[in-house]
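Student: Given chain A, put chain B in place with the hints provided.
Protein chains in written order, with numbering that gives the first Met the number 0: chain A, 0 to 244; chain B, 0 to 230.
Careful, some of the hints might be misleading.
As the list claims (entries may be wrong) - Pairwise CB distance ranges, derived in the manner of DEER restraints:
hint: 1; chain 1: B; residue 1: S126; chain 2: A; residue 2: L25; range: 22 to 32 angstroms
hint: 2; chain 1: A; residue 1: T35; chain 2: B; residue 2: L166; range: 55 to 65 angstroms
hint: 3; chain 1: B; residue 1: E56; chain 2: A; residue 2: M0; range: 54 to 64 angstroms
hint: 4; chain 1: B; residue 1: R123; chain 2: A; residue 2: T111; range: 23 to 33 angstroms
hint: 5; chain 1: B; residue 1: G7; chain 2: A; residue 2: T243; range: 14 to 24 angstroms
hint: 6; chain 1: A; residue 1: M0; chain 2: B; residue 2: E173; range: 25 to 35 angstroms
hint: 7; chain 1: B; residue 1: R200; chain 2: A; residue 2: A190; range: 35 to 45 angstroms
hint: 8; chain 1: A; residue 1: M0; chain 2: B; residue 2: D104; range: 17 to 27 angstroms
To be verified - To spell it out: a stretch of chain A is covered by chain B in this simulated footprint if at least three of its residues, at any positions, have a beta carbon under 8 angstroms from a beta carbon of chain B; those stretches are:
hint: 9; segment: 7 to 16
hint: 10; segment: 81 to 92
hint: 11; segment: 101 to 114
To be verified - From the structure, some residues in chain A lie toward chain B, with a derived Cβ separation under 10 angstroms:
hint: 12; residue: S1
hint: 13; residue: A3
hint: 14; residue: R74
hint: 15; residue: D193
Everything labelled a hint here was simulated from the structure, so no lab data went into it.
These figures come from a predicted structure and were not determined experimentally.
Ideal Cβ positions, reconstructed from N, Cα and C, are used throughout, including at glycine.
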Amino acid sequence: MSLARTLATARRVLLQLRHDPRTVALIMLVPCVLETLLRLIYTHHRAAFDEAGAPLLAFFPLTTVFLVTSIALLRERVSGTLERLLTTPIGRLELLGGYALSFGLLAAVQATLVSALTLGPLGLRVNGPVVVLVVLAICVAVLGTGLGLLASAFARSEFQVVQFFPVIVIPQLLLCGLLIARQRMPVGLHAISDVLPLSYAVDGMHHLSRQAGTSLALWGDIAIVLAFAAGALLLGAVTLRRRTD
Amino acid sequence: MKAVDIDGLRVVRGGRVVLSGVDLSLSAGRVIGLFGPSGSGKSTLIRSIAGVQSRVEGTVSVFGAEPGSAAARRAVGYMTQASSIYEDLTIAENVGYFAALRGADVGSVLERVQLDPWSGQLVRNLSGGQRARVSLAAALVGEPQLLLLDEPTVGLDPLLRRDLWSLFRELVSEGAALLVSSHVLDEGRHCDELILLREGRVVAQLTPAELSRRTGTDDLDEAFIRLIEAA
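With the rest of the complex left out, here is chain A:
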């Protein structure tokens, strides 16, 4: 592993984003607008906002980072830059690490911004430490990078890669415990939700919004989210073929 090549890749991805300010603005603003919308929907149901607001802070970075990462890597594949990169000294894990680092950083800024808005002006009430909430949101963003990189390995066109969003992300949203507590789902569905990473992110967010302080269970949830992220990155590196037809 060469840290220099990973950092060079992260820097290159961030430079590409700097030349595309509209995308950066959308990534930063859209979740803020959606949390505001949620607050307005629950104008007369303040408790419901407190219940849904925190889990959605984990969901937004997952969606934006998943889409941006999967499309960015697909563009590398289609434009031929990926083929060229695979003939240079950079290793596959170094390349994906660069992606995870740059989009992770972008997502960290996004998560901080949305959390500040939601906890400040929008008045979301949480009992746990705010710093841990932001850390969990950032971990989910790194997970989004991993899943996005993995999804792009199975797509050959923009049309295909966008279709992985309803396949990979939406079922997790339905099963994560946001709509109905996971314990109240049929046994089979509960078992499926146990192997989906967003479930643990939402468990963690519920913990933070309901209970003061942290616990082993909360750190366990965060560790599981990070383990899924690392697993997705490794799997992405394995499925990235150097030789193509």
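Tutor: Chain B in isolation, oriented as in the chain A frame:
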């Protein structure tokens, strides 16, 4: 050691035999031109040496190493047929990135491909000819020992083509091995050695002078036609 050794290379793509029974050996210090009509297998041959072509049978080695291995990747600078550079980065940012991957500096590469006056320009605002040179610069950076250039002169004006061929001459005099493909046979006169490819087979590997002697003409296009008709 030879820069590239190929023995019994055969590649099948989409059920079609693209390369078959290719034996080649390429030395450093010579401009080696890979010529043949489109569809003759030039790009597939270059991709096989670069280590990105799947379903390769036979053996290919780059300075004794397996193509695509870490050792081979340190030695190879590859310019694909499509420009394969980042549209949303400037010239300097593109070349700087590929330099960083090799642990090298950009150095004088931009001057050598005559792009230094525009280094701050975004690639998406460049002409096709300029993009081709950014792509070339990205392959040259870090002084790789083996340069694989897939049609680097296509679509360029005559003046620029002449300058690039003299750049290739300079690069090999500095010790690089250079394989450059083109479908314009006339460009063969700039090469020390010609590899003529047709329907996935090597028709001949010879010097331009030998080609003229064997076919009785100085017109390389005509010489190639005669060689194929004789075969």
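Student: What are the numbers of the hints the structure violates, in ascending order?
Tutor: 3, 7, 11, 15
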